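So the protein sequences, as listed, match chains A and B.
Quick note on numbering: the first sequence equals residues 1 to 352 in full-length UniProt numbering.
Quick note on numbering: the second sequence equals residues 1 to 352 in full-length UniProt numbering.
Since the hints were made in silico from the structure, they are not lab data.
The structure presented is a predicted model; accordingly, all values stated were derived computationally and were not measured.
Think of the CB as a built atom: it goes at the ideal place given N, C-alpha and C, for glycine as much as any other residue.
A hint or two may mislead.
[What the hints assert, rightly or not] Listed next, the in silico BS3-like pairs over lysine-lysine satisfying Cα-Cα at most 27 Å (straight line): (1) A:LYS176 x A:LYS275; (2) B:LYS327 x B:LYS339; (3) A:LYS94 x B:LYS339; (4) B:LYS275 x A:LYS327; (5) A:LYS281 x B:LYS275; (6) B:LYS327 x A:LYS176; (7) B:LYS67 x A:LYS281; (8) A:LYS327 x A:LYS339; (9) A:LYS275 x A:LYS182.
[As the list claims (entries may be wrong)] Okay, the calculated bits of chain B under chain A, using three or more residues with CB under 8 Å as the criterion: (10) 241–250; (11) 323–331.
[Claimed, not checked] FRET-style restraints, in silico, Cβ to Cβ: (12) B:GLU288 x A:ALA320: 36 to 44 Å; (13) A:ARG268 x B:ILE284: 40 to 48 Å; (14) B:LEU127 x A:ILE203: 16 to 24 Å; (15) B:LEU191 x A:SER192: 32 to 40 Å; (16) B:ASN328 x A:SER192: 50 to 58 Å; (17) B:ARG280 x A:LEU195: 54 to 62 Å; (18) A:GLU173 x B:SER122: 26 to 34 Å; (19) B:GLU288 x A:ARG280: 21 to 29 Å; (20) A:SER340 x B:ARG280: 14 to 22 Å; (21) A:SER192 x B:LEU127: 47 to 55 Å.
Number of protein chains: 2
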Amino acid sequence: MEDGCSEDPLLPRSLDSLHNEKNTMKRRRPSSSNHALPKDILLHEQNDYGILDQHPESLSQNKLNYKQVVIFLVAYISMGVLCFSVVRNQITGKKTNEILDAIYFCVVTMTTVGYGDLVPNSNLSKLLACILVFAGMTLVGLVLSKAADSILEKQEILLVKATHLQEKLGKSEILKQVEAYKTEYKFVVALSLLLLLIILGTIFLYEVEDLSLFDALYCVCATITTLGYGDKSFSTRAGRLFASFWILISTLCLAQVFYCLAELYTERRRRSLVKWVLTRKLTITDLEAADLDQDSTVSASEFILYKLKEMGKISEEDIAPVMQQFKNLDIDQSGTLTKSDLLLTTSSDIQS
Amino acid sequence: MEDGCSEDPLLPRSLDSLHNEKNTMKRRRPSSSNHALPKDILLHEQNDYGILDQHPESLSQNKLNYKQVVIFLVAYISMGVLCFSVVRNQITGKKTNEILDAIYFCVVTMTTVGYGDLVPNSNLSKLLACILVFAGMTLVGLVLSKAADSILEKQEILLVKATHLQEKLGKSEILKQVEAYKTEYKFVVALSLLLLLIILGTIFLYEVEDLSLFDALYCVCATITTLGYGDKSFSTRAGRLFASFWILISTLCLAQVFYCLAELYTERRRRSLVKWVLTRKLTITDLEAADLDQDSTVSASEFILYKLKEMGKISEEDIAPVMQQFKNLDIDQSGTLTKSDLLLTTSSDIQS
Numbered sequence: 001m002e003d004g005c006s007e008d009p010l011l012p013r014s015l016d017s018l019h020n021e022k023n024t025m026k027r028r029r030p031s032s033s034n035h036a037l038p039k040d041i042l043l044h045e046q047n048d049y050g051i052l053d054q055h056p057e058s059l060s061q062n063k064l065n066y067k068q069v070v071i072f073l074v075a076y077i078s079m080g081v082l083c084f085s086v087v088r089n090q091i092t093g094k095k096t097n098e099i100l101d102a103i104y105f106c107v108v109t110m111t112t113v114g115y116g117d118l119v120p121n122s123n124l125s126k127l128l129a130c131i132l133v134f135a136g137m138t139l140v141g142l143v144l145s146k147a148a149d150s151i152l153e154k155q156e157i158l159l160v161k162a163t164h165l166q167e168k169l170g171k172s173e174i175l176k177q178v179e180a181y182k183t184e185y186k187f188v189v190a191l192s193l194l195l196l197l198i199i200l201g202t203i204f205l206y207e208v209e210d211l212s213l214f215d216a217l218y219c220v221c222a223t224i225t226t227l228g229y230g231d232k233s234f235s236t237r238a239g240r241l242f243a244s245f246w247i248l249i250s251t252l253c254l255a256q257v258f259y260c261l262a263e264l265y266t267e268r269r270r271r272s273l274v275k276w277v278l279t280r281k282l283t284i285t286d287l288e289a290a291d292l293d294q295d296s297t298v299s300a301s302e303f304i305l306y307k308l309k310e311m312g313k314i315s316e317e318d319i320a321p322v323m324q325q326f327k328n329l330d331i332d333q334s335g336t337l338t339k340s341d342l343l344l345t346t347s348s349d350i351q352s
Numbered sequence: 001m002e003d004g005c006s007e008d009p010l011l012p013r014s015l016d017s018l019h020n021e022k023n024t025m026k027r028r029r030p031s032s033s034n035h036a037l038p039k040d041i042l043l044h045e046q047n048d049y050g051i052l053d054q055h056p057e058s059l060s061q062n063k064l065n066y067k068q069v070v071i072f073l074v075a076y077i078s079m080g081v082l083c084f085s086v087v088r089n090q091i092t093g094k095k096t097n098e099i100l101d102a103i104y105f106c107v108v109t110m111t112t113v114g115y116g117d118l119v120p121n122s123n124l125s126k127l128l129a130c131i132l133v134f135a136g137m138t139l140v141g142l143v144l145s146k147a148a149d150s151i152l153e154k155q156e157i158l159l160v161k162a163t164h165l166q167e168k169l170g171k172s173e174i175l176k177q178v179e180a181y182k183t184e185y186k187f188v189v190a191l192s193l194l195l196l197l198i199i200l201g202t203i204f205l206y207e208v209e210d211l212s213l214f215d216a217l218y219c220v221c222a223t224i225t226t227l228g229y230g231d232k233s234f235s236t237r238a239g240r241l242f243a244s245f246w247i248l249i250s251t252l253c254l255a256q257v258f259y260c261l262a263e264l265y266t267e268r269r270r271r272s273l274v275k276w277v278l279t280r281k282l283t284i285t286d287l288e289a290a291d292l293d294q295d296s297t298v299s300a301s302e303f304i305l306y307k308l309k310e311m312g313k314i315s316e317e318d319i320a321p322v323m324q325q326f327k328n329l330d331i332d333q334s335g336t337l338t339k340s341d342l343l344l345t346t347s348s349d350i351q352s
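So that you can see chain A by itself, here it is in the shape it has in the complex (with noise of 0.2 Å):
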């Protein structure tokens, strides 16, 4: 359910951004020496073009934020909740208020707790829920893990800031402390945001709905899992209301964190690699595989290629395409691009 990649190459992060016009800045300065490799070279953006030459989705895609998400989620509940509304006669269980419990049962079914405190009693209804949960899953799914990622983005910032307040660190020491371990972060805001809300549902039931500090703290797991027996709910009018909050927050922070753990798992694992690919002795047969162009030495973006290649960050796939089209722009088949290259591919424009 939830989207798979969090690198997703058109969603260009805030982080990213920020580095983006540092180097932008230092790739204007004149470059003082003109041979081998230096540093600011290496620090181009992801996407490195102009305004005028955007990809056309990259902008747009980069507009789903909070607001949308809101505008989704309370378009997708009202229209539940109308639903329910007109129905309300074929639903049994236990009532409070009409649209108190029309927005309780649709966040309860969306979010697949499912109770069963209040239940469909006729086909219209169950019909209903159906859609309404198949709805809520691909809206849950899709859309607030999204949102979800770029909330707890931004808290890092605030925990680094936090943990590291005596240093007095400038914003991109800050950023850049966030990036290097971005994973822990972010699992470590999310579980501590689960702890709080765990917390806070445990109290509301002891308080409001008069359960044991026990069957409370078990009410709340049952929900924040999305088990929902329904031996234990919400049944007071405050509690509805509490609960149509309480329990889309937390089940998605528990879906959070889960997703953080795994994210986690994978980065420790993909660390420990990349720290071997980097620590091990080259050989003969490493320089002779790396040596693209056959020249017998291995230049720095060789090396580099051939690193990523190992460490499984880019592959045969992702390669051929790229080294057809450089094929198809070396005019003049030298082996390398140059301004000349460039010239020959406009004047041939200009003749066809």
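Assemble chain B onto chain A, guided by the hints.
Here is chain B on its own, set in the frame of chain A:
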């Protein structure tokens, strides 16, 4: 809950390894031309090192197979069944066979369906249920998503074979086809399986549990989404036996369909970006930016690095440590790695 990136760098895919075999053979053939970029040089496998030099984790991770998953699952359910056999008097609800009920309760709990037809009613049994659901979520999320992935991959090959039956494709052609439309095939396979499971579940509930066809379908929907209101559930012996397997498989299958859908969406957008990056016009600014070693020409490897960065496939964070290693290895500071650099490294190793 899903393990985010399916492109796990440490789990070499079976398809890749088949590619690799082919390429290794290719490389051993003496190269006839010795200038610009023969195609097969590009086809190094992702982990281009001998078997003795293999990263320790990549070997062990490769072995997480069905067997392990089944052992995990059986061990987990056995433990759950054992626990609930001990506290069986502390669970209320309609009972059938003692062991069957324990298995059924375990599955309903670990998949977070939570009908509520069997409910723990003592502190001990409630605690056990809480532990069970968290452990179950972890198990289902972390382990089974991987297993499902590789099961689907095998099915894909069958699907391609079936759809191209008249064309008599060779094995490598099938693999190529699967690789190119991996995400699409995975989605179709998961969706077909889900539909099959829905039909199977509906027929079973209609025939064995004596529900109307509509109610049977409603119960199926409420179950596979893990909603589990509990107004309709499995109450007979045969029903609970069937449910124990069917719920486990169908909930995983629906989750996989949603996961594939998200993957498909990301993949489509990635392809659109790749296409855009490869077709947009190259400018002189691009050439200058891509020219890593500032020799006024752009080699194939420089061009590939530049384009992969533009696609968002790789970032500065990936490149920086490799660049550092390159500088360390480039002992004679020529800006390229040659055999002499390797010899210098070895001799300094001996001296120290």
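Hints, one by one, checked against the model:
1. A:LYS176 x A:LYS275: holds (19 Å)
2. B:LYS327 x B:LYS339: Roughly 15 Å separates the two Cα atoms, so the pair holds.
3. A:LYS94 x B:LYS339: Since the Cα atoms of LYS94 of chain A and LYS339 of chain B sit roughly 81 Å apart, the hinted pair is violated (cutoff 27 Å).
4. B:LYS275 x A:LYS327: Holds: LYS275 of chain B and LYS327 of chain A sit about 16 Å apart, inside 27 Å.
5. A:LYS281 x B:LYS275: Given pair LYS281 of chain A, LYS275 of chain B is violated - Cα atoms ~37 Å apart, limit 27 Å.
6. B:LYS327 x A:LYS176: holds (22 Å)
7. B:LYS67 x A:LYS281: violated (36 Å)
8. A:LYS327 x A:LYS339: holds (15 Å)
9. A:LYS275 x A:LYS182: Holds - the C-alpha atoms of LYS182 of chain A and LYS275 of chain A are around 18 Å apart, at most 27 Å.
10. 241–250: violated (count 0)
11. 323–331: It holds, with 5 qualifying residues against the three required.
12. B:GLU288 x A:ALA320: 36 to 44 Å: Violated - the Cβ-Cβ distance for GLU288 of chain B and ALA320 of chain A, about 25 Å, lies outside 36 to 44 Å.
13. A:ARG268 x B:ILE284: 40 to 48 Å: holds (43 Å)
14. B:LEU127 x A:ILE203: 16 to 24 Å: With a Cβ separation near 20 Å, LEU127 of chain B and ILE203 of chain A satisfy 16 to 24 Å, so the hint holds.
15. B:LEU191 x A:SER192: 32 to 40 Å: holds (38 Å)
16. B:ASN328 x A:SER192: 50 to 58 Å: violated (39 Å)
17. B:ARG280 x A:LEU195: 54 to 62 Å: Violated, at about 48 Å.
18. A:GLU173 x B:SER122: 26 to 34 Å: Given range 26 to 34 Å: violated, Cβ gap about 54 Å.
19. B:GLU288 x A:ARG280: 21 to 29 Å: violated (34 Å)
20. A:SER340 x B:ARG280: 14 to 22 Å: Roughly 20 Å apart at Cβ, these two residues keep to the hinted range, so it holds.
21. A:SER192 x B:LEU127: 47 to 55 Å: violated (24 Å)
Of the numbered hints listed earlier, those contradicted by the structure are 3, 5, 7, 10, 12, 16, 17, 18, 19, 21.
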